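Asker: Here is how the chains run, residue by residue.
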Amino acid sequence: MYEAEWLDVGPVDQLPALGARTLPVQGGEEIAIFRTANGDVYALVNKCPHKQGPLSQGIVHDTTVTCPLHNWRISLLDGHALGEDEGCVPVIPVKIDGGRILIGRKEALGQAA
Amino acid sequence: MSDSNDTRPHLVVIGNGMAGCRAVEEILARDTGRYRITIFGAEPRVNYNRIMLSPVLAGEKSFDEIIINDEAWYADNGIDLVAGDPVVAIDREKKCVMARSGRTMGYDKLLIGTGSDPFIIPVPGKDLPGVVTFRDLDDVDKMLAAAENGGDAVVIGGGLLGLEAAHGLSLRGMKVTVIHLMPTLMERQLDEAAGWLLKTALEGRGQTILTEANTQEIFGQGKVEGVRLKDGREIPADIVVMAVGIRPSTQLAKDAGLAVGRGIHVDDHMVTSDPDILAVGECVEHDGQVYGLVAPLWEMCRALADGLTTGPTGYKGSVTSTKLKVSGIDVFSAGDFSGGEGCEDIVLRDATRGVYKRVIVKEDRLVGAVLYGDTADGNWYFDLLKKGEDVSEIRDALIFGQAFASGGGASANPIDAVAALSADAEICGCNGVSKGQVMACIEGGAHTLDAVRSGCKASASCGSCTGLVENLLALAMGDDYAGERDNKPMCKCTSFTHEDVRAAILEKELKEIPAVMQALSWSTPDGCSSCRPALNYYLLCAWPGEHQEDPQSRFVNERMHANIQKDGTYSVVPRMWGGVTTPAELRAIADAAEKYDAKMVKVTGGQRLDLFGIKKEDLPAIWADLNAAGMVSGHAYGKALRTVKTCVGSEWCRFGTQDSTGLGIQMERMTWGSWMPHKFKIAVSGCPRNCAEATIKDFGVICVDSGYELHIGGNGGIHLRGTDLLCKVETEQQALDYCAAFIQLYREEARYLDRTAPWVERVGLDYVKQRIVEDEVGREALTARFHYAQSFLQKDPWAERAAGAESHLHQHIAEIRPFAVVGAA
Chain E
1 MYEAEWLDVG
11 PVDQLPALGA
21 RTLPVQGGEE
31 IAIFRTANGD
41 VYALVNKCPH
51 KQGPLSQGIV
61 HDTTVTCPLH
71 NWRISLLDGH
81 ALGEDEGCVP
91 VIPVKIDGGR
101 ILIGRKEALG
111 QAA
Chain A
1 MSDSNDTRPH
11 LVVIGNGMAG
21 CRAVEEILAR
31 DTGRYRITIF
41 GAEPRVNYNR
51 IMLSPVLAGE
61 KSFDEIIIND
71 EAWYADNGID
81 LVAGDPVVAI
91 DREKKCVMAR
101 SGRTMGYDKL
111 LIGTGSDPFI
121 IPVPGKDLPG
131 VVTFRDLDDV
141 DKMLAAAENG
151 GDAVVIGGGL
161 LGLEAAHGLS
171 LRGMKVTVIH
181 LMPTLMERQL
191 DEAAGWLLKT
201 ALEGRGQTIL
211 TEANTQEIFG
221 QGKVEGVRLK
231 DGREIPADIV
241 VMAVGIRPST
251 QLAKDAGLAV
261 GRGIHVDDHM
271 VTSDPDILAV
281 GECVEHDGQV
291 YGLVAPLWEM
301 CRALADGLTT
311 GPTGYKGSVT
321 STKLKVSGID
331 VFSAGDFSGG
341 EGCEDIVLRD
351 ATRGVYKRVI
361 VKEDRLVGAV
371 LYGDTADGNW
381 YFDLLKKGED
391 VSEIRDALIF
401 GQAFASGGGA
411 SANPIDAVAA
421 LSADAEICGC
431 NGVSKGQVMA
441 CIEGGAHTLD
451 AVRSGCKASA
461 SCGSCTGLVE
471 NLLALAMGDD
481 YAGERDNKPM
491 CKCTSFTHED
501 VRAAILEKEL
511 KEIPAVMQAL
521 SWSTPDGCSS
531 CRPALNYYLL
541 CAWPGEHQED
551 PQSRFVNERM
561 HANIQKDGTY
571 SVVPRMWGGV
581 TTPAELRAIA
591 DAAEKYDAKM
601 VKVTGGQRLD
611 LFGIKKEDLP
621 AIWADLNAAG
631 MVSGHAYGKA
641 LRTVKTCVGS
651 EWCRFGTQDS
661 TGLGIQMERM
671 TWGSWMPHKF
681 KIAVSGCPRN
691 CAEATIKDFG
701 VICVDSGYEL
711 HIGGNGGIHL
721 RGTDLLCKVE
731 TEQQALDYCA
741 AFIQLYREEA
751 RYLDRTAPWV
761 ERVGLDYVKQ
771 RIVEDEVGRE
781 ALTARFHYAQ
791 SFLQKDPWAE
801 RAAGAESHLH
811 QHIAEIRPFA
821 VVGAA
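Each protein sequence line maps, in turn, to chains E and A. Numbering-wise, our numbering puts 73 at position 73 of the first sequence, and it's gapless, one number per residue. Numbering-wise, our numbering puts 126 at position 126 of the second sequence, and it's gapless, one number per residue.
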């Protein structure tokens, strides 16, 4: 059976600019999909490396999201905490194709696969 | 002051302008006591910053503000100033100079810093009264006198000086026409495209710009009446400003027999053909070059002072750049932008922002740059240009500026940008001060902008590098550098304070977050999690009827209308007016708690019930259920009116003096839904026993027999603070009106995230009393503005969400179940 490398999770216009949506993964970590001001889309595991705050609920600015619990700033590019804080959250590859959001299957499934 | 017993060599300086005085400063800095110094100045005043005459003309600065060295400086350094008596002859045989008054003075070393003379085009009428140049303070005074009566002004010359004169006269109320011979304004600094943008912008400000216009004559009977062009056009004028250019002032040197070309010939140590005579500034010609900008002048002064004191270093000529403001528009140019063989242009245009950038690359080296509207990267380009670095690696990103090109698309943090500059990068073009010199000055103890200005002169002239210097202070001192105001900037995205931003929102009628960021030159593309919520609040407070909510600029709790908990679930608090509930409401709350599996039900400090552990997907449904039982959002999550806490009051309590419960309910009905700088709590106690703890609330009422005591600014949080008594009123209606006025004052004037306690401490109780108690008209206006805002804000957000608004905030975009491939690509 053909196993796709990418998973289509919906149309990109379902993502608010400077906002995020969530994508639960059965048996795995929930994913947060972000959209920046200029329309770029990124995905991270929806857990701040600090105290597991839901990053999807943070404020997105430039290519950064600020965690809603304790204001850690996490880079959408590589999942690293910025500034003085240290920590990293897994990044899920994303691409946009024909207005659809595609995320890396292997990374999205993580240990659930 | 001159002392004939003084045996030190006598240095006589001809010219009390920027070059002459700067040279003296440089000499004094190296060896204070070596020379006895006399300075001759043609103008009857101390040394001032000639570049700043334009702001004086425009009314932005006074003469006192542009003085570089006041009389005390001359006295402190034992310098004899002969002001208002120009030198008319140099006798090299006798080694002395003669002034107009007949005074003669011997010298051991003579320094000529005569600067430039304005060039007068030889047309008929050039000597008519009302024709002025733009060179010194007397010229400015003449223009100001003419502008007093309004009328027409003609400026001949569309270079920098002419445009500044035009701008100033225009601001002073005159109708201004600029006549420029060339097709492009400021053609020596700007290319055609930037010149066109500038022309359009100036025309937009009411000036008439005539390019390719050739002056035939200036006409008038006894005084100037107008200008006639070669093509026959006549332009009326009450004053004509001749600003076509300057030429080095060399007559004195020529008469003395010194070698003179376009300027006075000097060697690398600024020595003329006579070894005892030096020259510096705009009047000299070095290696075939004549300079009309200040940066080369400072370099010359350093070389000159080295040669006269500690040891010759030599002046090697200057590469110049121009960074300036023309009528408030930033322009920058450097190097060669005329194009030509092998030159590649990289151009960026942003019509909306009014930005034009062009860099010229030749053989992988930057050779020129023209920036219009946004000159932040000027210094970086100039640095690249002077160093002749290979830019092929960053060529793709070059036009987007330093932050982009060197950070690989990283955010444009201005501190990082100055950190990335090399130590010899030029910070202050006017005074030729490098980053290394500024940093050394800061490390030497100059911890404020003023200290840096007096320490190394950076940002002490035109001021356009003030931001860079402040960034260097921040870089060197970290968080210890609090900025120049008592008041810190709002956040790292801007140098403006909260107050600046709020004032600008009203003044410029800014109504959206991007408009604020654009108008106030935010340094980040879309702000940060500090400034966006603040801006959203300031906008909704300033424009209650027009504000469009930006959910992405709300903290999560306000976006979700519930309090996020550490596990990512939410808590839900329905409003209970005045802390009073009913069996039916309690029943509905109990049902909801069970239906949505609340993990805990807790009585809050504000007399409400809090349901914990609700999932974000369930929020609209639980709100719908609570709405159905008549309850609305309790705003327990917001920077908003939280709760009005009450005691039972005269209705039940044997000590009660007034109906505290009833007043509390009225107060909550009036104030619910109002967004504020921070959370806001009210309490009403029925007697001075104060069971509702009104004296630790933002607004507290203590009922007494004769009326109501109103208290403000209390806080039961980290810093316990008892309230201050604002005043006492007699009726419930007064208590309500004063409450509304106080809240509105707080809403309009406190900084975002200020609770009332620190705000009242900052502005002072007397101020609040003055606004609320003493100024009756003002209070009524505040109360009215509060009610106006409330007419838009009192909508139950829960009902809107329950009806489906913003449903994407509560739903997942999709779900992944392993082995069931969703929408295979």
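Since the hints were made in silico from the structure, they are not lab data. All values derive from a computational prediction rather than experimental measurement. Hints may be right or wrong, so weigh each one.
Said to hold, decoys possible - Distance ranges between label pairs, derived from CB positions:
no. : chain 1 : residue 1 : chain 2 : residue 2 : range
1   : A       : 269       : E       : 77        : 53 to 59 Å
2   : A       : 416       : E       : 17        : 22 to 28 Å
3   : E       : 100       : A       : 192       : 44 to 50 Å
Each residue gets a CB set at the ideal place from its N, CA and C atoms; glycine is no exception.
Asker: Now look at each hint and say whether the structure bears it out.
Answerer: Now the hints, each set against the structure:
1. Taken as a hint, the range 53 to 59 Å holds for the pair residue 269 of chain A and residue 77 of chain E, whose Cβ atoms sit roughly 54 Å apart.
2. Separated by about 25 Å at the C-beta atoms, residue 416 of chain A and residue 17 of chain E satisfy the suggested range of 22 to 28 Å.
3. Against the hinted window of 44 to 50 Å, the Cβ-Cβ separation of residue 100 of chain E and residue 192 of chain A comes to about 46 Å, which satisfies the hint.
The structure agrees with every numbered hint stated previously.
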